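Taken in order, these protein sequences are the chains called A and B. Count the first sequence with UniProt numbering and you get residues 1 to 656, in order. Count the second sequence with UniProt numbering and you get residues 1 to 656, in order.
These aren't lab readings, by the way, just hints derived from the structure by calculation. Since the model is a prediction, treat every value here as computed from it, not as a measurement. Do not take every clue at face value.
No copy labels: a pair is met if it fits in one copy or bridges any two.
What the hints assert, rightly or not - List of simulated lysine-lysine pairs, DSS-like, C-alpha gap at most 27 Å:
1. 178 - 298
2. 193 - 12
3. 59 - 75
4. 491 - 357
5. 491 - 22
6. 272 - 402
7. 389 - 178
8. 272 - 178
9. 242 - 59
10. 29 - 491
11. 68 - 108
12. 193 - 59
13. 357 - 272
14. 59 - 298
There are 2 protein chains.
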Amino acid sequence: MTESTLTTATPKVTITSDFWNKYRQLIVKEVLPYQWAVMNDEADINITDEKGGDNPDSKNSHAVANLKIAAGQMKGHHFGFPFQDTDVYKWLEAAAYSFSYQANPDLKTVTDNLIDLIADAQEDDGYLSTFFQIDAPERKFKRLQQSHELYTMGHYIEAGVAYHHATGNEKALTIAIKMANCIDANFGPQAGKLHAADGHPEIELALSKLFEVTHEQRYLDLAHYFLVNRGVDPDFYDRQLKADGFDNDIIPGMHGVTHSYYQVDQPLLTQKDAKGHAVRVVYLCTGMAHVARLTGDKDLQAACDRLWDSIVHRRMYVTGGIGSTNVGEAFTYDYDLPNETMYAETCASVGLTFFAKQMLQNEAKGEFGDIIEKELFNGALSGISLDGKHFFYVNPLTADPKFQQNPSKAHIMSRRQDWFGCACCPSNIARLVSSIDQYVYTVTNDAILSHQFIANQAEFDQGLEIDQTSNFPWDNHIHYAVKNPNGVQTKLGIRIPSWSRANFTLVVDGVEQTRPVQNGFIYLDVTGDLTVELTLDFSIRELQANPAVASDAGKVAIQRGPMIYCAEQADNSADLWNYRVAADADLTYHFDADLLNGVGEITAKAAVRKTPATTDLYADYQPTTWQPTDLTLVPYYAWANRADGQMRVWLNKENA
Amino acid sequence: MTESTLTTATPKVTITSDFWNKYRQLIVKEVLPYQWAVMNDEADINITDEKGGDNPDSKNSHAVANLKIAAGQMKGHHFGFPFQDTDVYKWLEAAAYSFSYQANPDLKTVTDNLIDLIADAQEDDGYLSTFFQIDAPERKFKRLQQSHELYTMGHYIEAGVAYHHATGNEKALTIAIKMANCIDANFGPQAGKLHAADGHPEIELALSKLFEVTHEQRYLDLAHYFLVNRGVDPDFYDRQLKADGFDNDIIPGMHGVTHSYYQVDQPLLTQKDAKGHAVRVVYLCTGMAHVARLTGDKDLQAACDRLWDSIVHRRMYVTGGIGSTNVGEAFTYDYDLPNETMYAETCASVGLTFFAKQMLQNEAKGEFGDIIEKELFNGALSGISLDGKHFFYVNPLTADPKFQQNPSKAHIMSRRQDWFGCACCPSNIARLVSSIDQYVYTVTNDAILSHQFIANQAEFDQGLEIDQTSNFPWDNHIHYAVKNPNGVQTKLGIRIPSWSRANFTLVVDGVEQTRPVQNGFIYLDVTGDLTVELTLDFSIRELQANPAVASDAGKVAIQRGPMIYCAEQADNSADLWNYRVAADADLTYHFDADLLNGVGEITAKAAVRKTPATTDLYADYQPTTWQPTDLTLVPYYAWANRADGQMRVWLNKENA
């Protein structure tokens with residue numbers, strides 16, 4: 001047997017986790033067919049606007065119809081947002097990922113036909129954005145602040161790369177290459193080209209993915225250009241708006257948004273705070289981290305590090321949600337994390353997962369895995385219902401059905417919706433769940449980083465295999481069986497989650513061992529076969545926010561393992577603000593297989609305010625009478641799947 | 001000496017209160033000259049839009065210029081809101097009231113000339129709304145949902161009646177009468193007239209005032225018609241909008257507001273909840289209560305009672321502020337009183353004071369006086385700075401300079417502003433303060449109701465005089481000397497405020513007595529001279545909100561006498577959410593003549609969270625270490641007159 005080292009080739013990962021396979025089967029059986037029906041206007045649904053109101057314009061998505069019109073297969077006008085095409089592309093990408101775990105010939109017939117349709121809709125020069133093709137061909141690339149043209153094509157490129165990878169369909173990749181060539185012909189530093197990027201980042205990460213398949217240097221150069229040039233000439237967009245007609249908006253009112261909304265208020269490389277539209281920030285950072293790795297540009301990496309720090313250490317909800325205001329779906333200021341006027345868009349949590357994955361590939365730091373875990377089990381996953389047919393745009397930390405009667409809070413819904421006028425979130429959570437096998441390992445030159453506790457069987461190159469088994473997230477025992485028939489020399493890095501860093505046990509080949517935690521990981525040498533038993537700390541924890549967070553003062557959030565918990569009125573009948581967790585909360589856990597498709601429930605010792613018999617709006621303070629009671633908590637991701645009612649993550653705490 | 005009873009003629013009241021005379025002199029010396037300069041575009045100021053942002057359109061008010069253009073004295077276009085004229089009229093009304101306590105020949109020259117200008121601007125048929133006269137004569141009365149034409153003329157009518165009363169200027173009244181005749185010619189139940197009222201109530205209360213001067217029955221009939229007809233045909237406005245061009249807004253976007261925003265969603269007489277724009281509601285209710293009294297219409301009175309109950313018992317902040325959301329400056333739902341996204345417009349507090357005054361005239365119920373007091377000493381008065389030149393539109397219960405960085409909260413300013421694009425509030429608070437002598441007594445057929453503890457000398461008819469002395473609101477001893485040389489037979493009703501109802505002492509002609517509190521008042525027979533010493537309960541109180549108020553759970557507000565207190569960062573350096581009032585607050589009071597023009601300061605035993613040395617955004621909960629400290633509180637009306645910083649009314653309370 002000769003010694004050899006591992007390459008960084010992507011492993012083949014088969015998810016065996018019961019928790020995740022339920023969701024992944026849901027994607028195949030319910031989510032993909034449902035979304036396809038919606039996008040073909042064949043579902044009997046209500047379409048809600050992204051702020052919670054009814055969409056007055058249509059019961060239809062029209063997303064597939066727009067492609068058919070552009071392809072000459074139908075007559076009519078474009079309907080929906082200028083980026084309506086991306087609903088289809090993200091769905092296609094989700095479908096592509098699903099083939100890796102579920103062969104599905106019927107679906108593949110649909111998706112192959114969809115590729116043909118997209119190819120037919122694409123123009124000869126590679127351009128594809130149905131809004132402009134159908135209704136505004138003279139305005140192509142003339143209103144980049146809001147046109148979403150590169151955003152739209154970027155989403156196709158992601159889908160095309162994924163579909164080509166999954167099925168070998170060459171046409172899918174050719175479309176993407178033609179698009180990239182079209183963009184390269186029109187954008188870049190050269191004279192005669194447009195010296196700007198799209199108002200909505202996405203093309204940067206898409207070109208990076210395409211570069212990795214094609215090794216075409218122009219694509220990487222262009223992505224790099226878009227990043228280093230961003231914010232260098234913010235007036236570019238204003239000049240375009242003026243030339244195109246300042247008020248002649250494609251998205252009504254959007255000419256008035258600030259430069260910081262779309263991250264062009266200052267050069268990207270000098271930006272220190274996450275500002276503006278949260279989804280744009282994390283898409284931008286995902287591309288930036290990817291390009292930083294591919295190019296070795298340390299300035300880009302430093303910019304990523306700064307924005308990561310801003311988001312994760314000062315501007316993120318405990319669920320992983322980001323975006324502290326619905327106005328512009330945006331970041332606000334450090335430690336401003338209001339629970340009642342927040343946004344925390346599903347897409348933003350999905351995007352932060354993307355960013356974390358890229359950062360982890362660049363640096364073996366456990367925190368990146370911590371955030372992937374936080375999103376997968378909390379803030380992103382809460383975007384989809386247990387039946388796979390209802391979706392949150394906003395993932396609140398406090399909800400009340402009555403919020404609908406206060407327009408400052410009406411964007412916070414207490415029920416997931418069928419679909420949205422701006423339907424970015426449903427397909428985004430679908431493509432994340434169906435690609436979760438790509439979020440389990442990160443392979444570096446000298447280590448396999450096992451950063452997620454999602455049971456799986458993984459095949460690395462040179463015959464190295466890992467079988468990770470567990471009943472995570474409900475159980476804290478993780479078992480690894482490493483088979484290494486060819487004696488590959490490497491290391492197995494296992495992330496010790498931040499919530500378990502102080503307390504875990506490790507048994508290697510039957511012998512209890514200690515290992516230092518290095519930047520969030522422990523490392524084991526791999527030379528032959530190996531078994532590892534890792535036991536994590538599943539103590540139920542009470543969390544507090546930094547004292548600079550006004551909204552959470554005096555409150556705790558409850559966590560067990562990766563799961564943030566919440567109180568729902570389905571389990572706790574009084575108004576939730578009238579409970580407080582006891583000083584000694586005596587937290588207990590039990591798994592209920594019949595509840596919410598099987599969840600672990602937590603009970604806290606608590607008390608509830610005894611309501612005085614008064615209708616006075618204000619009265620002299622009387623020392624509160626606290627009636628001891630239990631407070632029942634369920635995992636946050638599973639809320640709003642039962643009777644409509646209040647929900648709270650942050651709970652009043654006795655003497656806190 | 002013959003026995004006689006009092007008539008309900010308005011007494012002549014001279015304010016002797018030191019607290020109020022400071023403000024009333026401020027009105028004469030600073031506020032009126034300042035506002036006149038602003039409205040003539042002669043002040044070097046910043047104009048803020050009503051939501052807090054800079055007004056991009058102009059540094060000018062243009063309010064007087066609009067009148068000059070309409071009068072043919074200047075050339076140009078109208079600038080500002082269609083109701084810009086009302087700034088001038090409310091200022092004129094404030095000036096008129098000031099003449100009752102401060103002869104001011106220079107000012108009277110200005111105001112007489114202003115009356116001439118207004119007369120010149122008025123059309124022959126009585127119409128006066130400079131926006132329509134200058135820039136849209138063909139659209140008069142064609143877009144009542146947003147035109148504010150009757151609102152505008154109503155404000156003149158109020159001013160004209162006041163000016164005529166103060167100065168005897170007949171032209172001032174004639175203008176008002178011509179306006180009323182114009183409106184009567186165009187509106188009413190008769191065929192050929194418009195069967196609707198203005199989208200913004202005001203004309204109803206104005207016509208009632210004009211009726212009381214002129215005894216012209218048509219004016220009262222028309223006011224009554226506007227009220228009972230309101231909401232009977234809500235589609236009227238939609239039909240007008242359609243005919244005038246749906247999108248052809250005078251106030252951009254306003255065609256889209258809901259019917260409930262302007263209280264036409266259902267017949268006014270059946271409305272149970274205060275809904276929509278808060279200022280509109282209280283202006284409407286003020287007119288309705290007035291007309292109910294003048295006509296004896298019990299259905300109108302019942303509607304007033306219902307809306308009073310909705311506002312005061314379920315939808316009012318503890319400061320008297322109303323309007324729970326900035327979106328539409330509106331009411332929301334019962335017990336929804338968020339402290340961070342609230343509105344509590346100065347004009348709404350002024351309007352609720354008007355409503356309460358009318359209700360008190362209809363029924364001798366102490367609660368109406370309680371609310372007048374609450375507004376005068378808190379929610380309304382906070383709208384003006386101690387220097388008389390800065391104003392709040394929004395009167396928050398929680399403020400932080402950082403709110404400017406979160407658009408969901410940016411309407412909450414921590415500094416009063418020079419002026420506003422929509423400048424309704426500055427002149428509204430001015431006219432309230434300069435007319436405060438009208439808010440001290442209510443005279444009924446059988447009693448003089450002394451409902452405010454504002455030191456004064458009052459002359460009633462038949463020679464009856466009352467000299468009320470006190471150092472209220474800082475001191476709780478109220479002295480009445482009644483002189484009754486003609487032996488008028490009546491009663492003196494003295495309001496016992498809700499905060500003192502359980503505890504007060506009464507000495508009549510040197511003898512301690514008890515009296516039952518009847519509907520909020522005690523009554524003393526008046527037959528000859530009389531002295532009364534009333535001692536109210538000035539214990540410092542901790543208030544709690546009803547347990548249905550989510551935002552105030554676990555919190556207390558501090559009150560002494562009529563004054564609601566607040567914590568400011570000028571006195572308390574830590575973040576205010578990190579304080580809590582001790583279980584035994586041991587509240588102490590001292591008057592500081594040098595602080596904020598002289599205020600009573602309160603000190604509470606409290607504790608402050610000792611901040612752990614961590615930059616973690618979230619960490620395991622550690623039992624809070626509370627460092628004992630004092631919390632210093634100042635009266636709410638006086639906040640934001642020192643260094644910029646945080647402010648809170650509702651304070652965390654130990655174990656609450």
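Structure-based check of all given hints:
In this assembly of identical chains, the alpha carbons of residue 178 and residue 298 never lie at most 27 Å apart, being 30 Å within a copy and 77 Å across copies at closest. Taking CA atoms no more than 27 Å apart as the test, residue 193 paired with residue 12 passes in neither setting, with 41 Å inside one copy and 80 Å between copies. With identical chains, the CA atoms of residue 59 and residue 75 are at most 27 Å apart within one copy only, with a shortest distance of 19 Å there and 52 Å across copies. In this assembly of identical chains, residue 491 and residue 357 lie within 27 Å of each other by CA distance solely inside one copy; the values are 20 Å within and 81 Å between copies.
With identical chains, the CA atoms of residue 491 and residue 22 are never at most 27 Å apart, being 31 Å at best within one copy and 80 Å at best between copies. Taking the shortest alpha-carbon separations for residue 272 and residue 402, only the inter-copy value of 18 Å comes in at or below 27 Å, while the best intra-copy value is 38 Å. In this assembly of identical chains, the alpha carbons of residue 389 and residue 178 never lie at most 27 Å apart, being 34 Å within a copy and 64 Å across copies at closest. Taking the shortest alpha-carbon separations for residue 272 and residue 178, neither the intra-copy value of 35 Å nor the inter-copy value of 63 Å comes in at or below 27 Å.
Taking the shortest Cα distances, residue 242 and residue 59 sit within 27 Å of each other only across copies (25 Å), while inside one copy they are farther apart (34 Å). Taking identical chains as interchangeable, the C-alpha atoms of residue 29 and residue 491 are never at most 27 Å apart, the minima being 38 Å within one chain and 82 Å between chains. In this homomeric assembly, residue 68 and residue 108 come within 27 Å of each other (Cα to Cα) only inside a single copy, at 19 Å, whereas the closest approach across copies is 75 Å. Proximity of residue 193 and residue 59 under a CA criterion of 27 Å is satisfied in neither setting, with 40 Å inside one chain copy and 42 Å between copies.
For the identical chains of this complex, residue 357 and residue 272 are intra-copy neighbours only, at 21 Å inside a copy versus 55 Å across copies, given an alpha-carbon limit of 27 Å. Taking CA atoms no more than 27 Å apart as the test, residue 59 paired with residue 298 passes in neither setting, with 48 Å inside one copy and 48 Å between copies.
Hint check: violations occur at hints 1, 2, 5, 7, 8, 10, 12, 14; the rest are consistent with the structure.
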